[in-house]
Amino acid sequence: MLVYANSGLFVKRLAIIIGIISIFVGAKGQDPQFTQFYANPLYLAPSFAGATQQDRISAAYRNQWPEIGNVFVTYSFAYDHYFENFNSGVGVLLMRDVAGSGDMGLLNAGLQYSYDIKVTKVFHLRPGIHFNYTQMGINYAKLIWNDQLTSGGSGGSTIEQSPSDPFKPDVDFSASLLGYSDRAWFGFSIDHLLRPSYGFYNNEVPWDIKYSVFGGYQVVKRGHLLNPIDETLSTAFHFRHQGQFTQLDLGLYWYKAPLMLGFWYRGIPFLKGKDPNYAKDPRGDAIAFLVGYKMDQLRVGYSYDFTISNLVSSTGGAHEISITYEFKTTRKKKAARMIPCPEF
Numbered sequence: 019m020l021v022y023a024n025s026g027l028f029v030k031r032l033a034i035i036i037g038i039i040s041i042f043v044g045a046k047g048q049d050p051q052f053t054q055f056y057a058n059p060l061y062l063a064p065s066f067a068g069a070t071q072q073d074r075i076s077a078a079y080r081n082q083w084p085e086i087g088n089v090f091v092t093y094s095f096a097y098d099h100y101f102e103n104f105n106s107g108v109g110v111l112l113m114r115d116v117a118g119s120g121d122m123g124l125l126n127a128g129l130q131y132s133y134d135i136k137v138t139k140v141f142h143l144r145p146g147i148h149f150n151y152t153q154m155g156i157n158y159a160k161l162i163w164n165d166q167l168t169s170g171g172s173g174g175s176t177i178e179q180s181p182s183d184p185f186k187p188d189v190d191f192s193a194s195l196l197g198y199s200d201r202a203w204f205g206f207s208i209d210h211l212l213r214p215s216y217g218f219y220n221n222e223v224p225w226d227i228k229y230s231v232f233g234g235y236q237v238v239k240r241g242h243l244l245n246p247i248d249e250t251l252s253t254a255f256h257f258r259h260q261g262q263f264t265q266l267d268l269g270l271y272w273y274k275a276p277l278m279l280g281f282w283y284r285g286i287p288f289l290k291g292k293d294p295n296y297a298k299d300p301r302g303d304a305i306a307f308l309v310g311y312k313m314d315q316l317r318v319g320y321s322y323d324f325t326i327s328n329l330v331s332s333t334g335g336a337h338e339i340s341i342t343y344e345f346k347t348t349r350k351k352k353a354a355r356m357i358p359c360p361e362f
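If you read the sequence shown in the working numbering, its first letter stands for residue 19, the second for the next number, and so on.
Think of the hints as simulated: they come from the structure by calculation, not from any bench. Incorrect hints may appear among the rest.
To be verified - With a straight-line Cα cutoff of 25 Å, these simulated SDA-like cross-link-like pairs (lysine to any residue) come out: (1) Lys139 / Tyr235; (2) Lys346 / Lys186; (3) Lys228 / Pro145; (4) Lys186 / Lys228.
Let's have the full structure, built from the sequences with the hints guiding it.
Spelled out as structure tokens, the structure:
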């Protein structure tokens with residue numbers, strides 16, 4: 019059994035970590051999530067590759083449950099570009115998700131392609147695909163096992179045997195479709211269509227397919243489509259289903275240049291007490307607060323998830339930071355229709 023030790027808080031954190039690990043062992047593989055998913059558009063769906071119709075780089079950092087001590091830390095980096103002559107976008111997405119003191123984590127490196135289809139003067143469709151290299155790994159030198167525990171903490175050697183290969187490489191594929199107009203957008207994405215495997219000691223387990231549905235509407239919009247927008251008020255949602263687990267985010271964004279404020283609720287109230295898997299979902303119920311600042315081509319966002327489930331007193335919520343930079347481009351040959359979704 020893998021445990022975590024940290025000085026005076028050892029007993030409390032040991033109990034919490036054992037509970038968390040038992041959740042994830044039963045849950046099989048679950049994808050990391052970002053509260054600022056529109057600040058990580060290529061992770062949300064490959065249809066967003068090239069969506070700004072100019073060069074864009076973005077990066078994000080998420081520390082979930084910091085009070086326990088580096089239980090879940092996620093990093094992402096993305097670059098995308100739009101080819102106007104081909105109505106096409108391409109993107110590169112890198113992501114690293116690390117769990118626990120043993121650096122058990124997932125590394126993803128993928129290439130994306132999207133194509134913009136003008137259906138009518140006011141409505142576009144944007145299919146996208148994502149080819150991904152994925153690698154699960156663990157640093158066994160950093161693990162602490164039960165036979166290493168002493169009354170003073172931990173120490174000594176272990177009789178546990180490390181697997182011959184601590185890395186599990188595989189390939190994966192995702193697809194998505196996005197529809198949008200001047201004020202509304204709606205899309206879905208299907209991830210892990212090739213069902214890559216994870217696990218160690220010859221314990222191969224296929225990754226669960228993840229189904230995502232997202233969308234929103236700009237209730238208030240001041241400014242012209244082709245000119246800088248001074249103020250918007252948008253509602254949005256993000257639904258995910260993967261394996262036994264289902265989750266929904268509902269949110270509201272208010273933007274008045276250069277400031278963005280957001281509020282999100284994560285949870286599905288009608289599943290409480292009805293679906294036993296919902297009670298075990300480590301993502302739980304939470305409310306999230308977002309503040310962002312936009313200055314020319316640069317955007318910086320910070321969000322905090324406040325847990326409102328039974329883990330509220332132990333986890334410390336989640337902190338998330340996003341940075342996006344869009345490069346200025348020469349004047350387009352034709353007017354570009356931009357996706358109206360929020361930028362954080």
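Notebook entry, point to check: Taking each numbered hint in turn, which are not upheld by the structure, reported in ascending numerical order?
Noted result: 2
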